[in-house]
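If you read the sequences in order, they're chains A and B. If you count the first sequence from 1, you need to add 572 to reach the working numbering. If you count the second sequence from 1, you need to add 36 to reach the working numbering.
Derived by calculation from the structure, the hints in this document are not laboratory data. No incorrect hints appear here.
Straight-line distance between alpha carbons at most 27 angstroms, and here's what the computed BS3-like set of lysine-lysine pairs gives:
hint: 1; chain 1: B; residue 1: Lys327; chain 2: B; residue 2: Lys304
hint: 2; chain 1: B; residue 1: Lys237; chain 2: B; residue 2: Lys226
hint: 3; chain 1: B; residue 1: Lys153; chain 2: B; residue 2: Lys234
hint: 4; chain 1: B; residue 1: Lys205; chain 2: B; residue 2: Lys171
hint: 5; chain 1: B; residue 1: Lys675; chain 2: A; residue 2: Lys698
hint: 6; chain 1: A; residue 1: Lys698; chain 2: B; residue 2: Lys677
hint: 7; chain 1: A; residue 1: Lys698; chain 2: B; residue 2: Lys679
hint: 8; chain 1: B; residue 1: Lys418; chain 2: B; residue 2: Lys226
hint: 9; chain 1: B; residue 1: Lys671; chain 2: B; residue 2: Lys797
hint: 10; chain 1: B; residue 1: Lys210; chain 2: B; residue 2: Lys226
hint: 11; chain 1: A; residue 1: Lys698; chain 2: B; residue 2: Lys671
hint: 12; chain 1: B; residue 1: Lys237; chain 2: B; residue 2: Lys183
Quick caveat, the model's predicted, so the values are computed rather than measured.
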Amino acid sequence: MSRISLTVNGKVRAVDVDPATPLLYVLRNELQLNGPKFGCGLSQCGACTVLAEGRTVRSCSVSVSSMQNRKITTLEGLGSSAHPGFLQSAFVEEQAAQCGYCANGMIMTAQALLDRNANPSDAEIKQALNANLCRCGTHVRILRAVQRAAQERNQKGRV
Amino acid sequence: MKSAAISRRDFVKNTTGLVIGFSLLGSHLHAAGLGEHSEFNGSPLPTALDSWLVVGSDGVITVFTSKVDLGTGVLTALSQVMAEELDVSFQRIHMITGDTAQTIDQSQTSGSRTLHKAGPQLRQAAAAGRHELLKLAAVRLDAPVEKLTVNDGVVSVIDNPATSISYWKLLGGKRFDVTITATGTAAEMKVAPEITPKNPKDYRIVGTSIPRIDLPAKFIGEFQYSQDVRIPGMLHGRVIRPEHSIARLVSVDENSIKDIPGIVKVVKEDHFVGIVGTTEWSAIRASQQLKVEWSNPDAKLPATRDDLYSYLQKTKPFKEQPVANRGDFDSALARSSRVFEATYHWPFHMHGMIGPSCAVADVRDGKATVWAGSQGTHRTRKAVADLLRVPENNVRIVYAEGSGCYGRLCADDVAEDAALLSRAVGKPVRVQWMRHEEHAWEPKGSAQLMTVRAGVDPQGKITAWDFTDRYFPYTAGPGIPLLASTQTGLTPNSPGFPGNGYEYGTTGGGDVYAFENQRINCPVIPWMQNAMSHLRTCNLRAPGAVGRAFASESFIDEVAFHTGVDALQFRLRSPRNQERTGEILLAAAKQAGWIERPSPAPANGNSDTCVGRGVAISDRDGAIVAAVAEVEVEKSTGKVKVKRVTVAHDCGLIANPDGLKNQIEGNVVQGVSRTLFEEVHFDENGVTNLDWDSYRTIRFEDVPEIDIVLINRPELGFLGAGEASIIPVPSAIANAVFDATGARVRDIPLTPERVLSTLQKIESRT
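Excised from the complex, chain A in its bound form (with noise of 0.2 angstroms):
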């Protein structure tokens, strides 16, 4: 056991766990965060996507302690049911999921696109969510809800 201090959602917080310990199970167990989702440990359906630095990250298949330096994003850390994230809203004015497992990859990874591309095509936006698996199959959806949420964001100017 170490004590390992991250900073999540900005707030640093400190958690004494295995430093080995993949990042997702201390988010979820330690930090109760539960917008990131175990769902392969493989770091091959997306469903446990978090940011670290702007850029998304499996948080199953990375250690915590590889993470200390870090300033790590989760979707609770995007909005809030108060004041919801671009992204958040434009998921429910699409509808864009059904069970919504994988929801959480679809909008962390989306909002590392917008990001760094305020305009992404469709075909980029497909490509940058290409590895994230839905099972329910809202990928229309999704898409559109990623296309709103760019143009929504555009027009007020956001950054």
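Dock chain B against chain A, hints included.
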């Protein structure tokens, strides 16, 4: 604990006049103690109106149902049904679902039957509730019931709107204490049939696209899935199962995990082995490191695909299932001028749930509470009670949604795992399966071997039709012990487990047609009923029907080709079981821009890319769907790309058009995935594709454009839409591949290798 059905009111955002809420609804404690519900007291009585609904003094109406939302949005639709019948706004309805201590068993959530069967049950309970509330109002307002009207739960006198009283003033916080009629059980229960419900032509809420109640919370990480259930003092468990199917425990070396801190117990019960740890990571590490010796498998699985189909072909069925026997097939075949025959192969498919199964169990003092994402919590209660050898009333299963569930998955198995581990340590234990366990041990959708024969008259009309589907029953179905039960000694012959397996629906073998001489038979082949194996079988979305429609609707196209007739026209000219079928076919064809011509399509010059279109039709319990698929095939590689799928969909009365479209889109996408990519690989020891790279499913780059035509028929009531529209998708695609290339591929999935080898066979013949 926070309710899973959070997220409705307060904030928020008004789009198209509908409230989309992000904030939490808050707890619904008003319902506690009012209904016929208590923690360990068996199920509530269907004849008590209080078992179905409770009017809270806060203006919220709580509805109790064993039906659950498996991620399809059906709770939103059921809430619409309740709001409509009670004449209250949608936001007032709160659903308690799938808690065995609080809900009546209306059967498990499956088979597109939630709106179809439970919809009318709940509607009638609501109608009975409204009836009682109006009787109370009549007394309080001193006016006859006929003179009363209701607007959002406020009852007023028609000519004197100022004289009014709300449902919650009338009854808020009190019980109805009214007995209603309820006869029959489960899906066939008839609830308050004597009450006349609202006429569908007066519907204002049913039939509108109200946004899903669960989605806002899901997008901010506040929804509580079964994977997110945490209770105080909870430990983490993992189960160790043999790498190969059907093996027995020989020994466990507990010293092998001595170096891992935080291990509470290594649990051994007969052939069941599990770990309980203080952290999830310690349990995972220990489960990977623990040295467990298993016996050689007691039995071998078929080693190859060929062995499997040969077994299906040669093994004597334990049950024939004649579906349609009309006219005299043999003599009609003898009279026909041409005879066609073909055999089709459908593989084992995975359900492929994105979130592996998870449950939390708290077993203490002979009583168990289990939180699980089961399709049928009442069924799970029996399984857990049998496993723990305690009376059913000592077990409470509380539904917590898992990830998208397209059939019976391992929610029941993992509930048993968690229960055994919790009992062993006397504390609550959470178990989530790892990905390889889910892929290995989830019960699979059955492989099918289908043969079709048809005789055609000189005019090219089918006069004789013979369809046989040889398939496996559910071996993870009712009456068969689950994994932990099997490992701890329960057998199908144990008390409470009489089953041989459960044979399921028979739709899809050409039963949309009404040929003069028609034989459809679905023989059930015995399949490892007494053993746990990676190739256990159970229901997978429209079980059996997808494969059968693949065979029958491909075969219809084969006959159309041989008789030189356009595939759509051939179907329109064939006698059909339901009048509506023709209209639905035409609606899909029109939307898709179908041009009449025989298949295959004229060659596309020397281009390597061929394009084609295909059509198919299906009928699932009256929900009729036509699909037109448009594909591109790369001849040099055999790679198929589905460009567009057009669906015309008639499932009777539409509850929520956008929710229905979401379902149809999902069915189409999953259908494309199963058609092009998916196949369970195995050897004699078990499943060999144990991750997402080796069991490939659809990705964004593969998703077609989807075009939907909804046909609403309020007069037919709800016919069910959860799985109807996946049925025609594989055959429509296979027919489009033939149209594009002239290659008829009769094996699913339509891999590039299969398409290429079929193309090469054609070329070598010409």
